[in-house]
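Peer 1: Residue numbers (my numbering), protein chains in the order written: chain A, 21 to 421; chain B, 761 to 942.
Since the hints were made in silico from the structure, they are not lab data. Just so it is clear, CB atoms sit at the ideal spot from N, CA and C, and this is done for glycine as well. Treat the hints with care, since some could be wrong.
Taking lysine-lysine and the DSS-like style, the derived pairs with C-alpha atoms no more than 25 Å apart in a straight line are [stated by the list, open to error]:
id: 1; chain 1: B; residue 1: 926; chain 2: B; residue 2: 939
id: 2; chain 1: B; residue 1: 902; chain 2: A; residue 2: 287
id: 3; chain 1: A; residue 1: 287; chain 2: B; residue 2: 939
id: 4; chain 1: A; residue 1: 318; chain 2: A; residue 2: 413
id: 5; chain 1: A; residue 1: 399; chain 2: B; residue 2: 926
id: 6; chain 1: A; residue 1: 318; chain 2: B; residue 2: 819
id: 7; chain 1: A; residue 1: 340; chain 2: A; residue 2: 365
id: 8; chain 1: A; residue 1: 318; chain 2: A; residue 2: 365
id: 9; chain 1: B; residue 1: 859; chain 2: A; residue 2: 318
id: 10; chain 1: B; residue 1: 939; chain 2: B; residue 2: 902
id: 11; chain 1: B; residue 1: 859; chain 2: B; residue 2: 902
id: 12; chain 1: B; residue 1: 816; chain 2: A; residue 2: 287
id: 13; chain 1: B; residue 1: 939; chain 2: A; residue 2: 399
Quick partial rundown of chain A residues pointing at chain B, CB under 10 Å, derived from the structure [claimed, not checked]:
id: 14; residue: 158
id: 15; residue: 195
id: 16; residue: 199
id: 17; residue: 244
id: 18; residue: 245
id: 19; residue: 306
id: 20; residue: 318
id: 21; residue: 386
id: 22; residue: 391
id: 23; residue: 393
Which bits of chain B does chain A cover? Going by a derived footprint, with three or more residues having C-beta under 8 Å, they are [said to hold, decoys possible]:
id: 24; stretch: 790-797
id: 25; stretch: 810-821
id: 26; stretch: 923-933
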Amino acid sequence: MAETIIMTGNTAAAIAAKLCQVQVVAAYPITPQTSIIETLSQFIESGALKAEYVRVESEHSAMTVCISASTVGARVFTSTSSHGLLYMHEQLHWAAGSRLPVVMCCVNRGVGAPWSIFNDQQDSIAQRDTGWIQLYCRDNQEIIDTVIQAYRIAEEVYAPVMVCYDGFVLSHTMMPVCVPDTETVNSFLPPYKPHTFLSAEKPRNINPVIFPGMRHNSEGVLCDGYMEMRYKLQEALEKARDVIVSVGMQYAKLTGRDYSELLWRYKTEDAEILLTGMGSIATEATVAVDQLRQEGIKAGVVGIRAYRPFPRKAIQEALKNAKALIVLEKDISYGFEGALCSDIKAALYGTGLNAPLHNYIAGLGGRDVKAREIYEAVKTSLEDMKSKKAQNKTIWINCRR
Amino acid sequence: MIEVRWHGRGGQGAVTSVELLAQAAIGVGKYAQGFPSFGPERRGAPVAAFSRIDEKRIKVRSGIYKPDVVVVLDSSLIGLVNVTDGLKPDGILIVNTTKAPADVKKELNFSGTVATVDATAIARKELGVPIANTTMIGALIKMIKVMELDSLKETVEHRFGRIAQKNLAAMKRAYEEIKISN
Numbered sequence: 021m022a023e024t025i026i027m028t029g030n031t032a033a034a035i036a037a038k039l040c041q042v043q044v045v046a047a048y049p050i051t052p053q054t055s056i057i058e059t060l061s062q063f064i065e066s067g068a069l070k071a072e073y074v075r076v077e078s079e080h081s082a083m084t085v086c087i088s089a090s091t092v093g094a095r096v097f098t099s100t101s102s103h104g105l106l107y108m109h110e111q112l113h114w115a116a117g118s119r120l121p122v123v124m125c126c127v128n129r130g131v132g133a134p135w136s137i138f139n140d141q142q143d144s145i146a147q148r149d150t151g152w153i154q155l156y157c158r159d160n161q162e163i164i165d166t167v168i169q170a171y172r173i174a175e176e177v178y179a180p181v182m183v184c185y186d187g188f189v190l191s192h193t194m195m196p197v198c199v200p201d202t203e204t205v206n207s208f209l210p211p212y213k214p215h216t217f218l219s220a221e222k223p224r225n226i227n228p229v230i231f232p233g234m235r236h237n238s239e240g241v242l243c244d245g246y247m248e249m250r251y252k253l254q255e256a257l258e259k260a261r262d263v264i265v266s267v268g269m270q271y272a273k274l275t276g277r278d279y280s281e282l283l284w285r286y287k288t289e290d291a292e293i294l295l296t297g298m299g300s301i302a303t304e305a306t307v308a309v310d311q312l313r314q315e316g317i318k319a320g321v322v323g324i325r326a327y328r329p330f331p332r333k334a335i336q337e338a339l340k341n342a343k344a345l346i347v348l349e350k351d352i353s354y355g356f357e358g359a360l361c362s363d364i365k366a367a368l369y370g371t372g373l374n375a376p377l378h379n380y381i382a383g384l385g386g387r388d389v390k391a392r393e394i395y396e397a398v399k400t401s402l403e404d405m406k407s408k409k410a411q412n413k414t415i416w417i418n419c420r421r
Numbered sequence: 761m762i763e764v765r766w767h768g769r770g771g772q773g774a775v776t777s778v779e780l781l782a783q784a785a786i787g788v789g790k791y792a793q794g795f796p797s798f799g800p801e802r803r804g805a806p807v808a809a810f811s812r813i814d815e816k817r818i819k820v821r822s823g824i825y826k827p828d829v830v831v832v833l834d835s836s837l838i839g840l841v842n843v844t845d846g847l848k849p850d851g852i853l854i855v856n857t858t859k860a861p862a863d864v865k866k867e868l869n870f871s872g873t874v875a876t877v878d879a880t881a882i883a884r885k886e887l888g889v890p891i892a893n894t895t896m897i898g899a900l901i902k903m904i905k906v907m908e909l910d911s912l913k914e915t916v917e918h919r920f921g922r923i924a925q926k927n928l929a930a931m932k933r934a935y936e937e938i939k940i941s942n
């Protein structure tokens with residue numbers, strides 16, 4: 021029977037990996053992720069999870085071990101944060117390029133310099149173009165549910181999935197989590213059966229140096245070149261939108277929890293002012309929306325679950341009636357604006373929607389983002405947007421300028 | 761929604777208290793959240809932990825700045841940490857101390873309710889260790905009335921196994937022995 025237990029986001033992630041019966045875990049400790057792999061190593065040591073825990077000397081090696089284990093057909097798990105993720109960067113491309121269904125939790129943390137162990141999303145946003153699917157969670161329930169769904173998605177699309185959630189705000193905060201029972205997870209997620217894998221009986225050379233053109237293999241068959249492989253990875257991620265939705269609907273049927281969309285909505289039916297964001301900041305925005313609605317301001321929240329693949333059509337549909345848009349995010353593309361803001365604008369290009377849009381950069385390096393601050397910023401923006409000159413602005417929230 | 765801030769020292773179990781309280785709260789059909797003060801932790805250093813309990817699903821993800829209740833697990837923190845910082849003027853301050861509540865109220869010049877209990881002595885007697893975190897849950901339950909003391913039974917038994925009864929006895933004593941000054 022499913023049981024509801026108070027637990028941190030990191031415990032939820034570790035339990036999810038256990039329920040998915042991962043076979044290999046390779047990870048290196050880094051705050052605020054460490055308690056995931058501590059919990060997993062306890063599960064493995066006690067025999068509760070039959071898996072191999074490979075201790076490594078770095079995150080680069082952790083991902084390399086995951087890639088190797090996945091190449092021989094194992095279901096693998098790892099998790100990291102911040103500089104650990106940056107150190108993995110090269111191997112992230114290798115995992116995606118090799119089309120391996122690796123699942124990793126990124127417990128979002130700011131990036132140095134200067135050192136910060138606290139939350140923002142610059143780490144995972146900086147890995148946006150590695151070919152990984154990126155899913156963002158808004159609470160601990162979504163962490164356990166998203167990790168479980170991530171294996172189904174990864175193993176169907178043959179692309180790695182990064183499950184991202186805010187460090188400390190979720191990783192170290194205890195909330196009620198309904199833990200699905202083993203039978204439910206088993207019926208949802210069968211054992212991993214790769215379409216191909218490397219074995220000692222059938223040795224092969226994988227990922228050799230490849231020239232710009234297409235190539236003949238040893239049997240004389242004309243095979244994909246680099247460009248074709250890249251095209252196929254792009255196609256796979258485009259296709260992943262439908263897979264994420266169908267997997268989410270199947271999961272919803274089993275658990276009663278709705279994952280039928282690439283995004284989630286809060287009070288959007290009649291909303292004219294739409295706030296969007298990813299992770300816990302979007303949840304905090306729902307509290308601000310309640311305050312705005314008390315004053316008759318028709319506000320709502322559209323939360324982004326899937327960042328890559330980007331839910332272009334779903335966003336166009338969800339934002340089409342907006343009279344004003346606010347994009348909240350815990351990252352910045354230096355020299356331009358928030359990365360999510362650019363993506364949302366790109367998705368809306370050509371739709372005819374020309375609502376004013378303010379981009380809030382907030383919560384960098386763990387600076388707390390309070391509902392009241394969002395509420396006040398939105399009130400100011402709405403006033404400001406009356407001026408033609410202030411239709412498109414980036415605003416730093418709670419930051420001395 | 762009730763918001764509680766706990767003051768303790770690293771290792772005194774403030775985070776465990778927060779977890780037990782939250783688990784017991786969802787057991788009686790409420791919603792709950794708990795978190796430590798974010799960041800590095802050191803044994804013996806002043807730490808804080810936070811609880812939220814509500815009838816509705818809790819959507820707030822930001823910190824607690826104006827708690828309804830403050831629980832002080834270690835009275836040596838008074839003077840070292842501003843324990844009444846942000847505490848609502850009509851809020852409740854619960855201190856583990858041998859002092860009378862009226863004395864603490866005067867010392868901290870706090871306008872709300874002050875309650876004191878010698879939780880360390882109770883813990884020493886009932887548990888054999890001077891760790892007052894579970895004992896102080898009994899004191900808190902008496903003051904906030906969000907659930908019966910019995911509602912914690914299952915959670916404490918699940919967590920502490922063979923030493924659960926001792927913890928429950930300590931909580932009950934704090935519940936009964938707490939002194940209140942309005």
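Peer 1: Is the hinted pair residue 318 of chain A and residue 819 of chain B satisfied, with a Cα-Cα distance of at most 25 Å?
Peer 2: With Cα atoms ~19 Å apart, residue 318 of chain A and residue 819 of chain B stay inside 25 Å; holds.
Peer 1: Between the alpha carbons of residue 816 of chain B and residue 287 of chain A, is the straight-line distance 25 Å or under?
Peer 2: Given pair residue 816 of chain B, residue 287 of chain A holds - Cα atoms ~16 Å apart, limit 25 Å.
Peer 1: Please work out if residue 318 of chain A and residue 413 of chain A have their alpha carbons no farther apart than 25 Å.
Peer 2: holds (21 Å)
Peer 1: Against the 25 Å threshold, does the CA-CA distance of residue 939 of chain B and residue 399 of chain A hold or violate the hint?
Peer 2: Violated, at about 46 Å.
Peer 1: When the nearest CB of chain B is found for residue 244 of chain A, is that gap smaller than 10 Å?
Peer 2: This interface hint is violated because 45 Å lies over the 10 Å limit.
Peer 1: Is the shortest C-beta separation between residue 199 of chain A and chain B less than 10 Å?
Peer 2: violated (13 Å)
Peer 1: Below or equal to 25 Å on CA atoms is what counts here, so check residue 318 of chain A against residue 365 of chain A.
Peer 2: Holds. Residue 318 of chain A to residue 365 of chain A sits at ~22 Å (cutoff 25 Å).
Peer 1: Confirm or reject the coverage of the stretch 810-821 of chain B by chain A under the rule of 3 or more residues with a beta carbon closer than 8 Å to the chain's beta carbons.
Peer 2: Our answer is that it holds, as 4 residues pass the Cβ test (under 8 Å) against chain A, meeting three.
Peer 1: With the threshold set at 25 Å, check whether the alpha-carbon distance from residue 926 of chain B to residue 939 of chain B stays at or below it.
Peer 2: holds (22 Å)
Peer 1: Hey, does the residue 391 of chain A contact hint survive, CB to chain B under 10 Å?
Peer 2: With a closest approach of 7 Å, the residue 391 of chain A hint holds.
Peer 1: Are 3 or more residues of the stretch 790-797 of chain B near chain A, judged by a Cβ distance of less than 8 Å?
Peer 2: holds (count 6)
Peer 1: Within 25 Å, alpha carbon to alpha carbon, are residue 340 of chain A and residue 365 of chain A?
Peer 2: holds (12 Å)
Consistency with the previously given hints fails for numbers 2, 3, 5, 9, 13, 16, 17, 18, 20, 26, ordered from lowest to highest.
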